[in-house]
Amino acid sequence: MSMNIEDRLRADLHDAARQLMPSGDLLGGARRRGRQRRRRTRAVAAVVVAAVTGGVVVASAQLLGRSDRTAGSLPAVDQELLSRPTGGDLAGDNAYLAQVTAAWKRYVSTAGQARLQATDLRGEPRVIWAGKTNSGNVAVVVQDAQPGQGLVNHENLQRHALIGFVGTGANGRPTVLGNTFPMTNGYPGATAFLAGPRRTTLLVLDAGVPLKLSWGVTYKNGLPHRSYLPVRFSSGGVAEYDLPAGTDRNLVYVVPTSAGSLDDFAYSVANGAPPKRLVPNHLLPWTNSTGGPVVTGGSSGCGNAGSLEATVRAVVGANGIYSGSIWCIADTTHDGSQVQAEEWQLGAQPSRIYVQLTRPGQQSQVIGGGIADSSKPLWVKVKLPQNEGWVVGRDKAALSYQDTAGHWHSATRSGAVLPPSATAVKVTVPGHASTTVPLR
Amino acid sequence: MAADEDFDEFVRGRSLSLFRTAYFLTGDAGHAEDLVQDVLARVYARWRLIRTSPEAYARRAVVHAATNRWRARGRRPEVPMSRTPDRPGPHDHAQQVAEHQSLVAALAQLSPRQRAVLVLRYFDDLSEADTARLLGCAVGTVKSQSARGLAALRRLLDPNDRPLTTTEPR
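In order, the protein sequences belong to chains R and L.
With the first letter of the first sequence counted as 1, position 137 gets the number 138 in my numbering; the numbers rise by one all the way through.
With the first letter of the second sequence counted as 1, position 123 gets the number 129 in my numbering; the numbers rise by one all the way through.
Hints may be right or wrong, so weigh each one.
Pairwise CB distance ranges (calculated) [claimed, not checked]:
1) R/T333 x L/G36: 14 to 24 angstroms
2) R/A99 x L/E61: 15 to 25 angstroms
3) R/S110 x L/R161: 33 to 43 angstroms
4) L/W53 x R/R123: 29 to 39 angstroms
5) R/H15 x L/R161: 17 to 27 angstroms
6) L/K149 x R/H335: 51 to 61 angstroms
7) L/R161 x R/K397: 24 to 34 angstroms
8) L/R161 x R/N282: 15 to 25 angstroms
9) L/A153 x R/D404: 54 to 64 angstroms
Simulated crosslink set (SDA-like; lysine to any residue; CA at most 20 angstroms straight-line) [stated by the list, open to error]:
10) R/K377 x R/P286
11) L/K149 x R/K106
12) R/K377 x R/R360
13) R/K221 x R/T248
14) L/K149 x R/R11
15) R/K106 x R/T120
16) R/K133 x R/A77
17) L/K149 x R/R9
18) R/K427 x R/T437
19) R/K397 x R/S411
20) L/K149 x R/G132
21) R/K377 x R/K397
22) R/K221 x R/E310
23) L/K149 x R/N5
24) R/K377 x R/A406
25) R/K133 x R/A112
26) R/K377 x R/Q387
27) L/K149 x R/T176
28) R/K397 x R/S435
29) R/K221 x R/P386
30) L/K149 x R/P286
It is worth saying that the hints were derived from the structure and are not from the lab.
A virtual CB, placed ideally from N, CA and C, is assigned to each residue, including glycine.
Starting from the given sequences, assemble the full structure and let the hints guide the process.
Written out as structure tokens, the structure is:
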């Protein structure tokens, strides 16, 4: 190459871009969808999603239909925070409060731009809550500050109360866990955080918005659901919870009581999404996306991509932690129903199979196919409702099935939609003896 | 309504750029178009509330939507066959075009984060700091992802590795 890779990449991208034109009417489509969204948003006063990050900040976001920006003065919620008396059972422990303040000052003087969301801090920091928890001493600090770039309203450089969350470090001393603003540009920042060496104590700051808490996702008939309980603040303005054993902290959400769709969260974080945490990858080790007559050309291996993703996104939001594998099947049952199967992982939970079934002339139905399990001969085995057959899958395997008459039929590699007459599947992985799995 | 007119002007002026960014992030024109339309719908719904640059807001949304979509291990946008020449031709304009297309195809083979960093840095011409801010990561992460992404591109574009003909996600 005559140019270095950077120059070539820049040149090629711009060159290729000149040939790219959208085929549709982006403006018309955007306005049409936007009007629908506006109607929905009005009904949903606010949305806050908490995503637990590596920095142990529970980020949240909210869209409010009111202006909280008055030039020359701090918004009321920020004023209240900055003047809030110290609460918590360590409020009278002046030595601890001094340690917290010192830790905060060190943090703001050394934190890089990516970590500190503010510039131009003014006045002295104040500890507005300090208490003992099962995860050690915890405190909340506030200080008058200017939101950093990305949070700034360039038309009105509104100042806000910067909130700092302070836990106990491995050395036993106060350690700042994260910082945020209660509200900038109509969107709130973090209002809760996890503390403790195993991040098992959830603390939620009262910033004037009624909140509800969800410990995570549960499954009903194989489909993910969330349930919520109201967040009840103590008189000091902080609610404290210990995460139940086995809680997937990636799926712990704190949202406004009035929240509706979690999807809005993805675009309401003013300073970018909360940093993604790495979670264990439980997706099955598929090597190919084949399986039945896979429809290609969409944004995933299957056509109609997004329908099954929407099922998992409904409980995590577009910015939640979830992943789908490359495996999918798109096929038709014996009676003409369209079947699409995919594998998705929520948070750090085991991945699950989801099947979308669309009967002729009817609306699609999503079926929970259970946990995908690569330790079994058949990684995927889902019985379709109303005796419509089965969805089966196994990577690198030749699959054949036996019908009720005892005849064997060759199916396909890696995955298939089988008729209801199928009674067993023979799984043949190269180099291994065949295994027959009964279908029942 | 003035706000609607402002929005229309914004879309007319910036949607093509957003679409092209989305294309490089997703590798699929149809998906890119749908994604941009969805993002613009969100911008439209919140037009009065956006006090930062609408373009920055929309670009951030496009990047996040695209990287969320492809965050899954091994899930890669498909590379159209027409964009992956079988072999280099004579060193003329056609070859230059083919090389451009090969590079775009190679870009689609990177991890979502690496691809986002490279697209933002070398197509949208954002600084490292702005890229970090948009992705919600540290500048150091942008640097490391950029270096790894460029190294991967070099490997993918090594003549010994050509042709890039696969359409299978890896």
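Consistency of the hints with the structure:
1. The hinted window of 14 to 24 angstroms between R/T333 and L/G36 holds, with their beta carbons roughly 23 angstroms apart.
2. For the pair R/A99 and L/E61, the beta carbons lie near 45 angstroms from each other, so the given range of 15 to 25 angstroms is not met.
3. One distance hint, 33 to 43 angstroms for the beta-carbon pair R/S110 and L/R161, holds here, with the actual separation near 42 angstroms.
4. At roughly 32 angstroms, the beta-carbon separation of L/W53 and R/R123 lies within the given 29 to 39 angstroms, and the hint holds.
5. The hinted range of 17 to 27 angstroms is satisfied by R/H15 and L/R161, whose Cβ atoms lie roughly 23 angstroms apart.
6. At about 56 angstroms, the beta-carbon gap between L/K149 and R/H335 stays in the expected band of 51 to 61 angstroms.
7. The given range of 24 to 34 angstroms is respected by L/R161 and R/K397, whose C-beta atoms sit roughly 26 angstroms from each other.
8. Hint check: L/R161 to R/N282, Cβ distance near 23 angstroms, so the stated range 15 to 25 angstroms holds.
9. Take L/A153 and R/D404: their Cβ atoms lie about 56 angstroms apart, and the range 54 to 64 angstroms holds.
10. Proposed proximity of R/K377 and R/P286 is supported: the alpha carbons are some 13 angstroms apart, at most 20 angstroms.
11. Simply put, L/K149 and R/K106 have alpha-carbon atoms about 28 angstroms apart, too far for the 20 angstroms limit, and the pair is violated.
12. This hinted pair does not check out: R/K377 and R/R360 have alpha carbons roughly 30 angstroms apart, beyond 20 angstroms.
13. With a C-alpha separation of about 17 angstroms, the suggested pair R/K221 and R/T248 falls inside the 20 angstroms cut-off, and the hint holds.
14. Taken as a hint, the L/K149 and R/R11 pair is honoured in the structure, with Cα atoms around 16 angstroms apart against an allowance of 20 angstroms.
15. Between the alpha carbons of R/K106 and R/T120 the distance comes to roughly 13 angstroms, so the proposed pair stays at or under 20 angstroms and holds.
16. A distance of roughly 29 angstroms separates the Cα atoms of R/K133 and R/A77; the hinted pair therefore is violated under the 20 angstroms criterion.
17. Proximity of L/K149 to R/R9 is assessed by CA-CA distance (about 18 angstroms); at most 20 angstroms being required, the pair is judged to hold.
18. Taking the CA atoms of R/K427 and R/T437, the gap is near 4 angstroms; set against the 20 angstroms cutoff, the hint holds.
19. For the suggested pair R/K397 and R/S411, the alpha carbons sit about 15 angstroms apart, so the restraint of at most 20 angstroms is met.
20. Taken as a hint, the L/K149 and R/G132 pair is broken in the structure, with Cα atoms around 40 angstroms apart against an allowance of 20 angstroms.
21. Annotation: proposed proximity of R/K377 to R/K397 holds, straight-line Cα distance about 14 angstroms (limit 20 angstroms).
22. The suggested pairing of R/K221 with R/E310 holds, with an alpha-carbon distance near 17 angstroms, which does not exceed 20 angstroms.
23. For the given pair, L/K149 sits about 17 angstroms from R/N5 by alpha-carbon distance, which is consistent with the 20 angstroms threshold.
24. Simply put, R/K377 and R/A406 have alpha-carbon atoms about 26 angstroms apart, too far for the 20 angstroms limit, and the pair is violated.
25. Proposed proximity of R/K133 and R/A112 is contradicted: the alpha carbons are some 26 angstroms apart, above 20 angstroms.
26. About 25 angstroms separates the Cα atoms of R/K377 and R/Q387, which puts this hinted pair outside 20 angstroms; it is violated.
27. Distance restraint check for L/K149 and R/T176: the Cα-Cα separation of roughly 27 angstroms exceeds the 20 angstroms cut-off, and the hinted pair is therefore not satisfied.
28. With a C-alpha separation of about 13 angstroms, the suggested pairing of R/K397 with R/S435 holds against the 20 angstroms cut-off.
29. With a C-alpha separation of about 15 angstroms, the suggested pair R/K221 and R/P386 falls inside the 20 angstroms cut-off, and the hint holds.
30. Between L/K149 and R/P286 the CA atoms are separated by roughly 30 angstroms; this puts the pair beyond 20 angstroms, and the hint is violated.
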